[in-house]
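K.L.:
One line per chain: the protein sequences are L and S, in this order.
Count the first sequence with numbering that gives the first Met the number 0 and you get residues 0 to 360, in order.
Count the second sequence with numbering that gives the first Met the number 0 and you get residues 0 to 174, in order.
What the hints contain is simulated information worked out from the structure, not anything from laboratory work.
Note that beta-carbon positions come from the ideal geometry of N, C-alpha and C, so glycine has one too.
Check each hint, because a few of them may be wrong.
Said to hold, decoys possible - To be clear about the criterion: a stretch of chain S counts as covered by chain L if any three or more of its residues have a C-beta under 8 angstroms from a C-beta of chain L, and this derived list gives those stretches:
#1 2-8
#2 18-24
#3 40-49
#4 114-128
Letter by letter, the chains look like this.
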Amino acid sequence: MNDLHSHLIRASRDIKLSDDERTLMRQTLTARFPRAVVSPYWNPLFMRTSAVFALFILIGGSTVFASDTSLPGDTLYGVKTSLVEPTQGFFAQTPEAKVSWNTKLVSRRIEEAEELAAGDKLSDRAAEQLALHIDTNVKAAQEARSALAIEHDESDAELTSSLSAHGKVLATLADKSKNDSSRRGARSLSAFLAKWNEDEPVLALADTAATKSGPSMKTMAFSATIAEVPEAAPTLQAKNIPDERNSEAFARFKSAGVALLSRIHTRLDSLRERLDEQTVADVEARLSRLDAQLDNATSTAQILRFFKDTTAVSTFINAASKINRDELLSPILENVSHENESAEDDSSGKGSGEPEEERGR
Amino acid sequence: MRKNEKQLTEAFDRHADELFRHASLRLSNRDRARDLTQDAFMKTWEYLERGGEIRELRAFLFRTLKNLIIDEYRRSKSESLEALVDTDEGETIDALIPPDETNTVESAIARLDGERALALVSELPDPYREAILLRYVDGFSPKEIANVTELTENIVSVRIHRGLKKLRVLLEQTS
Numbered sequence: 000m001n002d003l004h005s006h007l008i009r010a011s012r013d014i015k016l017s018d019d020e021r022t023l024m025r026q027t028l029t030a031r032f033p034r035a036v037v038s039p040y041w042n043p044l045f046m047r048t049s050a051v052f053a054l055f056i057l058i059g060g061s062t063v064f065a066s067d068t069s070l071p072g073d074t075l076y077g078v079k080t081s082l083v084e085p086t087q088g089f090f091a092q093t094p095e096a097k098v099s100w101n102t103k104l105v106s107r108r109i110e111e112a113e114e115l116a117a118g119d120k121l122s123d124r125a126a127e128q129l130a131l132h133i134d135t136n137v138k139a140a141q142e143a144r145s146a147l148a149i150e151h152d153e154s155d156a157e158l159t160s161s162l163s164a165h166g167k168v169l170a171t172l173a174d175k176s177k178n179d180s181s182r183r184g185a186r187s188l189s190a191f192l193a194k195w196n197e198d199e200p201v202l203a204l205a206d207t208a209a210t211k212s213g214p215s216m217k218t219m220a221f222s223a224t225i226a227e228v229p230e231a232a233p234t235l236q237a238k239n240i241p242d243e244r245n246s247e248a249f250a251r252f253k254s255a256g257v258a259l260l261s262r263i264h265t266r267l268d269s270l271r272e273r274l275d276e277q278t279v280a281d282v283e284a285r286l287s288r289l290d291a292q293l294d295n296a297t298s299t300a301q302i303l304r305f306f307k308d309t310t311a312v313s314t315f316i317n318a319a320s321k322i323n324r325d326e327l328l329s330p331i332l333e334n335v336s337h338e339n340e341s342a343e344d345d346s347s348g349k350g351s352g353e354p355e356e357e358r359g360r
Numbered sequence: 000m001r002k003n004e005k006q007l008t009e010a011f012d013r014h015a016d017e018l019f020r021h022a023s024l025r026l027s028n029r030d031r032a033r034d035l036t037q038d039a040f041m042k043t044w045e046y047l048e049r050g051g052e053i054r055e056l057r058a059f060l061f062r063t064l065k066n067l068i069i070d071e072y073r074r075s076k077s078e079s080l081e082a083l084v085d086t087d088e089g090e091t092i093d094a095l096i097p098p099d100e101t102n103t104v105e106s107a108i109a110r111l112d113g114e115r116a117l118a119l120v121s122e123l124p125d126p127y128r129e130a131i132l133l134r135y136v137d138g139f140s141p142k143e144i145a146n147v148t149e150l151t152e153n154i155v156s157v158r159i160h161r162g163l164k165k166l167r168v169l170l171e172q173t174s
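With the rest of the complex left out, here is chain S:
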C-alpha cells in the first residue's frame, strides 16, 4: 500500500505539469485539461491498487492521458465535428497560461513568437498535432511516441513529417 502511494505522489510531482500542458494544448481548454490530468493520475492509482505493474511511468501516464483525450473528443463530437480537424473555436494561448505568472517584457516578447508557433500547432489536425506535441513539446522520441500512442513507429514518423509540412504552410499563410 505504501509503495503505491509513494510511487503515485512521486509521479505526480514529476509529471503533473507536463501532462497538463499536453492536455491543454490538445484540448485548448484549461479546465478540461486540468480535469483530464487529474483523471489520468487517478486511473494510474487505480491500476496500481489493482496490482498492476508499470515499467515506464511517463509513457504510461501519457498513454492514459491520450485515451482520456480521445474519450473527450468523442464526447464533444456531437458538439463540434471540427474538433478533430480544426481547433479554431478553442481559446487562445493566453488563456492557457496560468494567471499567476509574472509578465516581464522579455518573456512577453519570447512568448509572442512561441505563442504564434503554438497557435499554429493548435490549428493542425489532431493526429498531427498529437505527434508534434509529443515530439517537440514533451520530448518523446518517435519510438516512445509509438509506445504512447500504440501505433507503429512508421505511422508516427509519417505524422510528424506531415505535421511539420502543414505547419510550414500555416506559417507562410500567416506571415
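Looking at chain L on its own, in the form it has when it is part of the complex:
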C-alpha cells in the first residue's frame, strides 16, 4: 500500500486552513488570553499606609511609636522618615496644613541634629541627610505658603528666626564637641542653617533661580570640611511687610507676639526642673524684657526684631531642656544686656516724638 500512502499524503497536503482562516482562528484564540491586569494596590501611598498598619498589627503599635524618637543611624529611623511621616503628611491637604506640617518636620530634623550633636554623634553623612530633608521641607512649606492668599504671616518670621537660632545652637554644640567628625557635621549643618540670614527682615521667601532649580543642596558643595556659606543660597527679601500704618495687620502681629511669649512662659514652667535655678531666673528676666520690647514696638522692624529674639529664646530653651545642657542658653543670656540696650535704642530712635501706640493687649 505504499502507493496509497504517498497518494494520501500528497493529496491531503492540500487540505489545510487558508491564510485568512488561520489568522482569524489564531486571533480568536489569543483574544481569550487575559490581559495584564494592573493592580490597583501597587500604589506607593497604599503600600506605605498598609505597611504602617501592618507594622502596627504585627509588631505592635509600639514600633510606630518607638520610631518617633529614633535618630539618623537607628534602625527605626527609616521607618519614621519613609513610612510613618509620609503617611501622616498625606493627611495635610490644605496649604495651611502643608505649611504647618512641613515646618513641624523641619523642627524634627533639626532637633534630631541637635540630639546627635549633643552626643557627639553627628556624622557628616547624617548632617548631609538632615540638611537635605530640611531643605526639602522648607521648600515645600514655601510652596504651600505661596499658595495662600494672605499677605503676611507671623509663622514665617517664626520659622526663619528659629532656623537661624537653631543654627546657633548647633554652632554652640559644635564648639563643645569632643569628637572631630561630629564637630564637623554640626558646623556644616549650622552653616547651612545660617543661610536663613536673621538680619534681614523676612516675611515671605522670594523665588530665586536657586530655589526653582532643584534642591539647593547641590549648589552647596557639601564637603567634609567646614562648608562655606554659599553665595548661591537663596536670598531672602522682604515682601509684603505690614505697613505700620496698616493698624489691623500690625495689631495682629502684636497679639501673635503676645501669644508667643505666653507659650514660652508655659514651656519654661514645664521645664523648670530640668534647668538650674539661676538659668531659669535669667531666662525669665529675658522674657520680661522682651515683653517690654513688644509693648514698645511701634514699627515693623521692631516687631520683627522681637520675633527674632523671642524665637531664639524659645529655640534655645527647647534645645537646652532636651539635651539637658544649661550652657546652651548662655549665648542668648549673655547678650541680654546688649539686646536690652539696642531694643531701647530702637524704640527711642524710631519712635521718638511719637506717643506710644495701642497696648494691644
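Add chain S to chain L, keeping to what the hints say.
P.N.:
Frame of chain L, contents of chain S only:
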C-alpha cells in the same frame, strides 16, 4: 499565565493545519471542520488554565478533536444515519481544498490520484477511516493511535487492517 499562552500559541502554529485536515477528512465539511479545530484548541486552553498538564501535546490535541468529532456525529445522527457508515452525502475533495491554492497542471495531476484515494477513504466506515487517516495521513504509529483513540493497540491494528482491505475492494470497484 504566560506559560500557558506560549504553549497554546506554539501548539496552534504547529498543529492547526493537520488537525483541520483530519477533521475535514472525517466530516467532509470544511466549515464544521474549521469550527471543530478551533474548539479543540479552545478546550485545550481551558484545560491548561484549569491547571492541567499535557505530556504529549499532539496526541492530546487529536484526542480532543476525536471526541469533538464523535459529538458532531451524535448531533447529526438524527439528520443522517448513514453518516457513520457512508459519507456519500459529503462534499467532494475539491471543496476541502482552500480557495487560495495555486493550481498548476502538475499538482492537478498528482492531486487527481490522491483525490481518488482520499475519496475512497471517505467512503470507508468511520472507525476504519479514522484509523487509516491517523495512520497514513497524520502519521501516528499504531501505539500512538491507541493513545489518541483510547483503544487497545490490538483494536487499532485490526481496524487499520480491515480498512485497507475495504479500500482495496473499493479501488477495484471504481477502476
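K.L.:
All the hints need checking, so say for each whether the structure fits it.
P.N.:
Cross-check of the supplied hints:
no. : hint    : result
1   : 2-8     : holds (count 3)
2   : 18-24   : holds (count 4)
3   : 40-49   : holds (count 3)
4   : 114-128 : holds (count 5)
No hint from the list above goes unmet by this structure.
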